[in-house]
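Undergrad: Okay, here's what each chain looks like letter by letter:
2 protein chains.
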Amino acid sequence: MDRKKSVNPDLIKEREKCTFNTLELTHLLDGSATKTEERHSREKFFLEDPELQSNVPLEYLSHKEKYEDAVRKACIIFRKVQELQNQGKGGMDNFREILGGQLGSAILKDGNPLTLHYVMFIPTLMGQGTFDQQAEWIQRAWNCDIIGTYAQTELGHGTFIRGLETTATYDPATEEFVLHSPTLTSYKWWPGGLGHSANYAVVVAQLYTKGTCHGIHPFIVQLRDEETHEPLPGIKIGEIGCKLGMNSTNNGYLGFDNVRIPRINMLMKNSQVLPDGTYVKSPSSKLTYGTMIFVRVVIVQDAAHYLRKAVTIATRYSAVRHQSQIKPDAPEPQIIDFVTQQYKLFPHIATYFAFQYSASWLWDIYNNVTNELESGQLESLPELHAIACCLKAVSSADAAQGVEICRLACGGHGYMTSSNLPSTYGLVTAMCTYEGENTVLLLQTSRFLIKSWQNRNKLDKLATVAYLGRKMSKSNPFEKSVEWIIHALQQTAASKIELANNRINARVRNGKSYEDAWNETSIELVAAAEAHCRCFIVTTFYNTVNGLNVSKELKTVLVQLLNLYGVYTALRLTGDLFRFTNITGQDVETLQDWLEELLALIRPNAVGIVDSFDIRDEVLGSTLGAYDGNVYERLYEEASKSPLNSEPVNKSFKSYLKPFMKSNL
Amino acid sequence: MDRKKSVNPDLIKEREKCTFNTLELTHLLDGSATKTEERHSREKFFLEDPELQSNVPLEYLSHKEKYEDAVRKACIIFRKVQELQNQGKGGMDNFREILGGQLGSAILKDGNPLTLHYVMFIPTLMGQGTFDQQAEWIQRAWNCDIIGTYAQTELGHGTFIRGLETTATYDPATEEFVLHSPTLTSYKWWPGGLGHSANYAVVVAQLYTKGTCHGIHPFIVQLRDEETHEPLPGIKIGEIGCKLGMNSTNNGYLGFDNVRIPRINMLMKNSQVLPDGTYVKSPSSKLTYGTMIFVRVVIVQDAAHYLRKAVTIATRYSAVRHQSQIKPDAPEPQIIDFVTQQYKLFPHIATYFAFQYSASWLWDIYNNVTNELESGQLESLPELHAIACCLKAVSSADAAQGVEICRLACGGHGYMTSSNLPSTYGLVTAMCTYEGENTVLLLQTSRFLIKSWQNRNKLDKLATVAYLGRKMSKSNPFEKSVEWIIHALQQTAASKIELANNRINARVRNGKSYEDAWNETSIELVAAAEAHCRCFIVTTFYNTVNGLNVSKELKTVLVQLLNLYGVYTALRLTGDLFRFTNITGQDVETLQDWLEELLALIRPNAVGIVDSFDIRDEVLGSTLGAYDGNVYERLYEEASKSPLNSEPVNKSFKSYLKPFMKSNL
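In order, the protein sequences belong to chains A and S. Going by UniProt numbering, the letters in the first sequence line up with residues 1 to 665, in that order. Going by UniProt numbering, the letters in the second sequence line up with residues 1 to 665, in that order.
Only chain A is shown next, with the shape it has when bound in the complex (with noise of 0.2 angstroms):
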């Protein structure tokens, strides 16, 4: 059988059910043809690139050859990104794609250690940089003469980085400040390619100058020499060990023994020190809330991307793969048509445009602010502060949930390292921790609606929030339709709101310090936060699907989708919905129903839905998901390739097993 030419006939079928065109939903997700086009032209770029081929699986080989694999492959990438540039192709957008993307993780599955170079290094240099900084480092930054790390994070210190411990103490002898670290919970713990990658980082530390704190600043330190890569004196540096995901990206420790740099090598845009050790303050500390908020946007589209990567995988195997029985003595049907198994898929589907749609917005407004910062208002930031941490955490946890389900509906299979559902669940649940604790956010979102709350009535700048100025009231008749369920989460957001603000007060009320207060009604606090991210979620989804303007038949499809979006998140909140509106028993049913019907209808269009997010199969990377639905073809030949495969009898046989057995005879 030649795999590549056949395409597995339930597949076929699948296709040619399809009632809508799905080159027209493709160019709609990427923005417009002319983007589709750019898209594939990078993919075959990157993706074709002989060199970027293993023979051998990664998962195969040893911690060691895995990263000396992947530097291998970072620095073809690199060289790769630099010869877009030379074509006028370059920006940062393209490279995030490239290094920490879809892209990037089709070619480096495992993470790659120099990412963060581009990511996050040459950003603060410029972010934080004064002019002349930025002259003296870019440059040397930018050809790769210096490949730069950031390193933030602390062994005893993560999300609350008040409290990191690492000091910078300024010598005005020297003119030097002196990086140390008091402690072992302070060494530097997490940043990507700081094991044996970098060569310089930024360092976030503690300023102290005469002999007073200033709070955290980021310094530019070199970390080995430049021509022997041996690490410079008084660095003590090395990688963390293995983790659930991301193991070739090299993530390090650093500990310094009193190590001096040079007074300009602190980043200086903001605050400064001078010559003497006088301390100038930042202007705005809000200036440095940009990146912050500027990573999170791009988390919740990765988890959009991820989201839709397990559910392409999985879809196209639930209609490849036959088993048990719906009638006696029929063939075993396509799994797809159980309604248990598409209850597991299509409202992640949904989901992922639900996600995807959120992501735009939060990328619109957050350009928009950004404009704002730079013409000195502010005003606008805590309310994109407050939704980018909410959408952030529920976007990560949610899509980490719905990849396990994905991963879990493709039964023993999807177990299987080479379904690749395994290692995009260890990268979308990093997600849920890294750059602000998934909890940690919420409560920063319920901090700023609790605020809201107290304030309502003056709420009509503020687009995500302004529900909470409306009357409230439960006796909205029930109706079956997304404008109903997003008034009940309103509904139930305001609510939960005003509750948790009550319990708040009754507390303080009761003796309780503010904060004590705070602490034991974080429970409900955190609930509110979700609560209003949901409903901030269903809202954009219904916004953006009304103003498109497609063709009839994909917006019947993607109305289907909003719906089910918005019945399945009714259905996981009953218990809200009984509280806070007039729901009944009997109107739950109806929602029941229509779920049901959601899922019939979507039935017919599940594999077309998922082509069209066109995702190339070496993006997808799965034996279980490729375009052609051969999946134990792949399976087979994925199996092959495993080294214990290529003689048939281990040595251990003769080493341990065999002498085993024959020690009773």
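Please note that the accuracy of each hint is not assured.
You can't tell identical chains apart in this list, so a pair holds if it fits in one copy or across any two.
[Claimed, not checked] With a Cα cut of at most 30 angstroms, we get these calculated DSSO-like pairs of lysine-lysine:
| # | residue 1 | residue 2 |
| --- | --- | --- |
| 1 | Lys236 | Lys654 |
| 2 | Lys236 | Lys474 |
| 3 | Lys236 | Lys651 |
| 4 | Lys236 | Lys210 |
| 5 | Lys210 | Lys641 |
It is worth saying that the hints were derived from the structure and are not from the lab.
Fit chain S to the given chain A structure using the hints.
TA: What follows is chain S alone, placed relative to chain A:
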């Protein structure tokens, strides 16, 4: 600092706060003080054997090296098991614990390639072989002259075993069966140890004789030459490749090209094929249910054990880790003082107890029913099957989710392999799929529930569904008590079963076949089975705690945990409670208050409770969870074992990085 001697001061303080005798709880959980001692001596015997230590943590090795090291250790473990047997300390229970349970996974973290020999191969010979067959095979297997596995699942066929494709066709001319794999999808796929370890297997195949197929039957098949270990002619064999976890279990594939085995290699205790090819049917098809149910009993127990391991790690870490602020200018608190963190941990401590008590109940009932079976009574089997199915599904799914919540509660460090949380997840999530996929199992339970509902007036003998026969009423007044919660859960489960039954009937009235109506209602059927199961778990927890004869101090703690599990369960199901009981919004607030009260009550004993699980550091295998709480020292020490850290400059610098960086000069 001498790590071995000093215990983290936070943990010392936590242990001083404990209000009950942890040893009393340890003995209670083990069964008695004597059983605790026996466990200690078994652990010592295995875990302190110098031959079973590794210098380099396994995760750094290549896939092949991992396998080779696993075979080495598996042979040592088997030899020690034989020693125990010779001392009269054998018994299948201990074997399972050593080969597959907590102790087993402490020695071979990523699985034992020989486990199925004791856990499946020998028991199948014993259960399904005739007296003659047992005489011929069991001695050789028991002595490990041969090593066997159990080959049932195929590339295209899992949970639905009637769909297996491998054929065993009887040839009366030679009195042989011809084993054949007619398609790629008929290849055996997944059996542990099949790849390169076992030389025999019990193979499950469709039996054909005299032109008729008689369904699946078990056959003993030699796979490899006993001297050379070379695969025998017609045997295509190898390993299936890397997986999310269990990478040293050597899961294999197996294809047959007309392989002949003697007639007497069919296991004929139940059905037989006579020399002329006449098929003699088994007297009862229910006799083979036993093993299936046994394995599910074991899974419920394992789910409980994995969860308590994860929650021990996360609770100790949360007592040691300081982060963020509750009050401004106060030092960073232990993260266990954040109520959101308590909410992540304590319900899972309670869930461990809930699952443990359900597992014990199930184990007792299993033994009763097995005795009944042997005396020919079959009537309890369907109920046992139904409750085992849903308990397996709910406990594995909840434990997997609980382990992940514990991992995420440890922040970035939970993502480290050295936390042992990722690989614990890998083991526990696998249980959602193997031995019956969870959704399929829940639907089997709901089939029993629907039948029970239809016969609800004759349920006196069936303890687990007796509540279906009682008169239901929505008017039971709300109380802050577990009794009320149990009543509410019964009400919920019964109502869901009734509603699902009505939905099926309505669909049938609308012209659907019963099978299609069943499928269309399956989301609700799964929900009904889940509700039934959760109701059972809370009830069993309640009955057990009420029946315990323990000190007042311990009883107080166990009742708190019971209450917490009850209220946690109720609050996750408020939508159902509103629908099916007369709960109000005010009552939900009361439950939420109760939850928060219970978290505060459990807080001072949290470390004490997990201490009393008495899990040896080697079994925890975690940098974050060790008894002494020296988290950061252990993380650093583990990182230093990475082979990448054994040299300051990795060779990839010279090969790839330097040429790339210098090329731009």
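Undergrad: It remains to establish, for every hint, whether it holds in the given structure.
TA: Hint check results:
When the C-alpha separation of Lys236 and Lys654 is checked against a cutoff of 30 angstroms, the pair qualifies only between copies, where the shortest distance is 21 angstroms, while the shortest distance within a copy is 43 angstroms. With identical chains, the CA atoms of Lys236 and Lys474 are never at most 30 angstroms apart, being 62 angstroms at best within one copy and 67 angstroms at best between copies. For a Cα distance limit of 30 angstroms, the shortest separation of Lys236 from Lys651 across copies, 19 angstroms, qualifies, whereas the shortest one inside one copy, 40 angstroms, does not. For a Cα distance limit of 30 angstroms, the shortest separation of Lys236 from Lys210 inside one copy, 27 angstroms, qualifies, whereas the shortest one across copies, 76 angstroms, does not.
Taking the shortest Cα distances, Lys210 and Lys641 never come within 30 angstroms of each other, neither inside one copy (63 angstroms) nor across copies (41 angstroms).
This entry does not satisfy hints 2 and 5, going by the numbered hints stated previously.
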